[in-house]
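Chemist: Here's the letter readout for the chains.
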Amino acid sequence: MEKQPSFEASIARLEEIARIMESGDITLEESIKLYEEGMRLAGFCGEQLKNAEEKIITLSDLTGEEG
Amino acid sequence: MECLALWQNCLSLKTRRESDGLSKYVLSVTQLNTYVKSILDADAVAANVFVSGEISNLSGHYASGHLYFSLKDEESIIKAVMFRAAASRLKFKPESGMKVLCRGRVSLFERDGQYQLYIEDMQPQGVGALSVAFEQLKEKLRKEGLFDEAYKKPLPLYPETAAVITSESGAVVKDICQIMTRRYPLCKLIICPVQVQGERAAEQMTEMLRKVNEKELADVIIIGRGGGSAEDLWAFNDERLVRTIHASKIPVISAVGHETDYTLCDFAADLRAPTPSAAAELCVPDGDALASQLLSLQRRISVAFKQGLDEKSGRIKALLALRCLGDPGYYRERRLERLELAVRELRHGYENILNMNKARYKNTLSVLESLNPFGVLRRGYAAVSKNGEQIFSVSKLHAGDFVSLRLADGVAECNITGTSKE
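Chains as they are written, first to last, in numbering that gives the first Met the number 0: chain A, 0 to 66; chain B, 0 to 421.
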């Protein structure tokens, strides 16, 4: 499975996209691409925040897996 | 050595001044006090001592902020002074009868000949020997720079994995898990169970910290435990543990006991959380705030996108408003107009030329008319010809010649009867 971008990277990219688009100094094609990317990232981040799956392990489990 | 030199210096001064020789070795009181003070000030032990005792005769000079009191134990007493700069840093209010641990230097107040303790730092003494050890180790590690701000690593903004080194049983680990998963479910939690008090606690925590670092299991570490007595928290003052925290490549948040408890781990950690619950909150961002941040980013992008579209469609509209683009017939009409104009001009020119030529023709015609010989004939003149030859002179005619007279409307045959020349 392809590795998802980290939440941090996604948020940073979203901020960058917002900045670029607000500068207004882009072509229509670029703005469409950025808009799509932004909406996709925002959706991805939102999903991650909502999906509160239990991700708690204790170290003995972990070493057990490794051993 | 310095003292000796000073001593000799004093003596020689004395000798020179009182050269009448009352006594070679008599000192003034001031000189004696200065000498004794110099001995005390030069002594390495006296320069930095830890003293524990009970406060008595406390008199605060509130105006100046200095504290004057005595320290005593069952058998002895010593005068003590704490100047304002040091006294203002105290975390507690000293009172007579209170047992305290002091750090300071021993020196002499020359005016009174009173030797006393000049206190730099003072703590209420709850745990006796432990406190002394704590203060001494703290001082040692501080001098080594283990607590320097320069070594503090920034915590990750959005940690992906947090290692929690604490006791597996008890409320602390539950609190941390609950708070962190509620606040920021993206962060994985690795519980690293250790003993947090007792003989093996420090060793286990040190080992666990090393292991998490070695295997790079997390990008932030919380180490801590719930509240307890100073003895309960003692493992968190272990020198090896403190050094391991300082050496950790992964940022460490310490969360030991209650807000008022300070351990050496707290000083060495990259961040001290007042309580374990606070550590959980400090460790991860607030998911709700993030969600609203996400929403606002989404809104900003949408608005910017729409504005971009509006601006571009506005430009298109402005372009369409130009006649040449908006009305495809525009150019054709303009060209037709020009063509028609040209045709009109052409026709006009043609007619001009035609009329001009007509006039010239008429003119020429009337000129021709005036030159027409028959015109003359019509005015009553006649042309004479003999044998078909036009006669212009009377000398060509003789009596008896037959000539033709050409008149306007016909010819008359005539017989010349005579001529006369004029």
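Keep in mind that the hints are not guaranteed to be accurate.
[What the hints assert, rightly or not] Far from chain A, some chain B residues (derived; all Cβ distances over 12 Å):
id : residue
1  : Leu107
2  : Pro192
3  : Lys210
4  : Lys214
5  : Leu216
6  : Ala290
7  : Leu296
8  : Arg298
9  : Gln306
10 : Ser312
11 : Ser384
12 : Gly387
13 : Phe391
[Said to hold, decoys possible] Example chain B residues on the side facing chain A (calculated, C-beta under 8 Å, incomplete):
id : residue
14 : Val80
15 : Phe82
16 : Arg83
17 : Tyr157
18 : Ser166
19 : Glu167
20 : Ala170
21 : Ile189
22 : Ile190
23 : Arg299
24 : Phe304
It should be emphasised that the hints constitute simulated quantities derived from the structure, not laboratory data.
Every residue, glycine too, gets a C-beta built ideally from N, C-alpha and C.
Chemist: If a hint holds in the structure, say so; if it doesn't, say that too.
Modeler: Structure-based check of all given hints:
1. Leu107: Holds, since 58 Å exceeds 12 Å.
2. Pro192: Pro192(B) not clear of chain A: closest Cβ-Cβ about 6 Å, inside 12 Å.
3. Lys210: Non-interface label fails for Lys210(B): nearest chain A Cβ at 8 Å, not farther than 12 Å.
4. Lys214: Nearest chain A Cβ is 9 Å from Lys214(B), so the label is violated.
5. Leu216: Answer for Leu216(B): violated, closest chain A Cβ roughly 7 Å.
6. Ala290: violated, 5 Å
7. Leu296: Nearest chain A Cβ is 5 Å from Leu296(B), so the label is violated.
8. Arg298: Given that some Cβ of chain A is not farther than 12 Å from that of Arg298(B), nearest at about 9 Å, it is violated.
9. Gln306: Non-interface label on Gln306(B) violated, nearest chain A Cβ at 7 Å vs cutoff 12 Å.
10. Ser312: violated, 10 Å
11. Ser384: Given a closest Cβ separation of 104 Å, the condition holds.
12. Gly387: Given that every Cβ of chain A is farther than 12 Å from that of Gly387(B), nearest at about 103 Å, it holds.
13. Phe391: Correct as stated: the minimum Cβ-Cβ distance to chain A is 103 Å, above 12 Å.
14. Val80: violated, 53 Å
15. Phe82: violated, 49 Å
16. Arg83: With a closest approach of 48 Å, the Arg83(B) hint is violated.
17. Tyr157: holds, 4 Å
18. Ser166: violated, 12 Å
19. Glu167: At about 7 Å, which falls below the 8 Å cut-off, the nearest Cβ of chain A leaves the hint on Glu167(B) intact, so it holds.
20. Ala170: Where the cut-off is 8 Å and the nearest Cβ of chain A is about 16 Å from Ala170(B), the hint is violated.
21. Ile189: holds, 6 Å
22. Ile190: holds, 4 Å
23. Arg299: holds, 4 Å
24. Phe304: Cβ of Phe304(B) sits 4 Å from chain A, so the hint holds.
Taken one by one, the earlier hints fail for this structure at numbers 2, 3, 4, 5, 6, 7, 8, 9, 10, 14, 15, 16, 18, 20, listed in ascending order.
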